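Asks: So the sequence lines, in the order shown, correspond to chains A and B. FYI, in my numbering the residues of the first sequence are 1 to 112. FYI, in my numbering the residues of the second sequence are 1 to 112.
Watch out, some of these pointers could steer you wrong.
What the hints assert, rightly or not - Computed cross-link-like contacts, DSS-like style, restricted to lysine-lysine with a CA-CA straight-line distance of at most 30 Å:
1) B:K99 <-> B:K49
2) A:K9 <-> B:K49
3) B:K58 <-> B:K68
4) B:K68 <-> A:K9
Claimed, not checked - Partial list, derived from the structure: chain B residues whose beta carbon lies under 8 Å from chain A:
5) F34
6) Q42
7) G43
8) L44
9) L46
10) K49
11) G94
12) W102
13) L104
14) G105
Quick caveat, the hints were computed from the structure, so don't treat them as lab data. Please read these numbers as outputs of a predicted model, since none were measured by experiment. Even for Gly, the Cβ is constructed at its ideal location relative to N, Cα and C.
Spelled out from the first residue to the last, the chains are:
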Amino acid sequence: NAGVTQTPKFQVLKTGQSMTLQCAQDMNHEYMSWYRQDPGMGLRLIHYSVGAGITDQGEVPNGYNVSRSTTEDFPLRLLSAAPSQTSVYFCASRVEGDSPLHFGNGTRLTVT
Amino acid sequence: AQSVTQLGSHVSVSEGALVLLRCNYSSSVPPYLFWYVQYPNQGLQLLLKYTSAATLVKGINGFEAEFKKSETSFHLTKPSAHMSDAAEYFCAVGGNNRKLIWGLGTSLAVNP
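Bound-form chain B, shown alone (with noise of 0.2 Å):
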C-alpha cells in the first residue's frame, strides 16, 4: 500500500535560514509526488509537482524539491525562509488508482 511519512511535524527557522521539510513515500509504481501550502484560514495551494520529468522540480515562492527514487525521498527546500513562509506544508504522493495519499503535514514556523 502507498504511504507518505512527513519527519517533523513542527519544524522553526529563522528569517533568513534554510527550509528543509521531509517527505518520504512508498509507492509500488512510478509515483507522482505533489507538495502543497496551506496558509492560515485557506485551502491547499500547489507548490510543486514530480512528473519525472526532472528530479529537481522547481515550484512557486522559491521552493524546490529533489526526487530520490533510491532514498524514496521529495524533501522540500528553500535556501532562505521568509517569515511569509509561515504555514503547513503537506506533500501527496498518488499512482495507478489516481487517488492522492497525504501525510500529516508539518507546521513552519519563522523567527525573526
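The following block holds chain A by itself, in its conformation from the complex (with noise of 0.2 Å):
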C-alpha cells in the first residue's frame, strides 16, 4: 500500500535550473496538490488539481507549473529556480469532498 509516493527525498539546484518534482499516488484519488513548508510560515498550496486535465492555482503559484494528464500523477515544475523556493514539498491528495489528506513524505529542496 504506497500511497503518496514523492521523488526524489532530496535534490540541490543551482539558481535558474528548472527540475520536476514528481508524485504519484495509488489510491483513485481525485483531488491532489502541491504544498510548500517553511519555517513559521506553516503549509501553504501551491497548486491543486481536481481530477484528470484540471488544475488551479493555490496562494503560492508564482514560479510553479502543473499538469495533471492521468488521475495517479501529479508533478510539479520549477522553470528557473531560485533561492526563494528552497523548500520542503509535500504533496498530498484526498477523495473529493471533506476527506483527510493523504501526504507524500516530502522533497527537500534547496537552490543556491
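Using the hints, build the complex out of the two chains.
Replies: Printed below as a string of C-alpha cells:
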C-alpha cells in the first residue's frame, strides 16, 4: 500500500536551473495538491487539481507549473529555480469533498 | 475569511503529563476541522477529524479533541504524554470552498 509517493527526497539546484518534482498516488484520489513548508510559515498551497485535466492555483503559485494528465500523477515543475524556492515540498491527495488529505514524505529542495 | 490560530508555537511537557495544544478557528459556515501530526523528516498524518457527528473526537495514539462552537475552539489533548509524541502538530479548518486553512503549527517537546 504505497499511498502518495514523492521523488526525489532531496535535491540541490543552482539558480536558474529547472526540475520536476514527481508525485504519484495509487488510491484513485481525484484531488491532488502541492504544498510548500517553510519555518514559521506553516503549509502554503501552491497548486491543486480536482481531477485529470483540471488544475488551479493556490496561494503561492508563482514560479511553479503543474499538469494532471492522469489521475495518478501530479508533477510540479520549477522552470527557473530561485533561492526563495528553497523549501520542503509536500504532495497530498484525497477523495473529493471533506475527506482527510494523505501526504507524501516530502522533497527537500535547496536552491543555491 | 476563514482562519486558524494555534496558540503557542512551542509547547514543552514532561513525560506522563497532560498534553494540551490549542486551536481556534473562524469560519462563516459550519466547519470541518482536522488535527495532523508531523514527525521529523516525514509528511503529515491525520490524527483526527471533526465531522459534526460528535463534539468529542477520538483520534489515534490516545489523542482527542473537543469541538466547542461557542468558543470557536478545537483543542487537542492527551492525558499522558509519551516520548514518542514529540512532533509538530497542525490544526486545519475547511469550509464551503473545500480548501483547507492551516494553522502555523505547534512543536511539542516531551521531557523525560
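Asks: Give a verdict on every hint.
Replies: Going down the list of hints, with the structure as the test:
no., hint, in the structure
1, B:K99 <-> B:K49, "15 Å, holds"
2, A:K9 <-> B:K49, "28 Å, holds"
3, B:K58 <-> B:K68, "15 Å, holds"
4, B:K68 <-> A:K9, "39 Å, violated"
5, F34, "6 Å, holds"
6, Q42, "6 Å, holds"
7, G43, "3 Å, holds"
8, L44, "5 Å, holds"
9, L46, "4 Å, holds"
10, K49, "6 Å, holds"
11, G94, "6 Å, holds"
12, W102, "5 Å, holds"
13, L104, "4 Å, holds"
14, G105, "6 Å, holds"
When the structure is compared with the earlier hints, a violation turns up for hint 4 alone.
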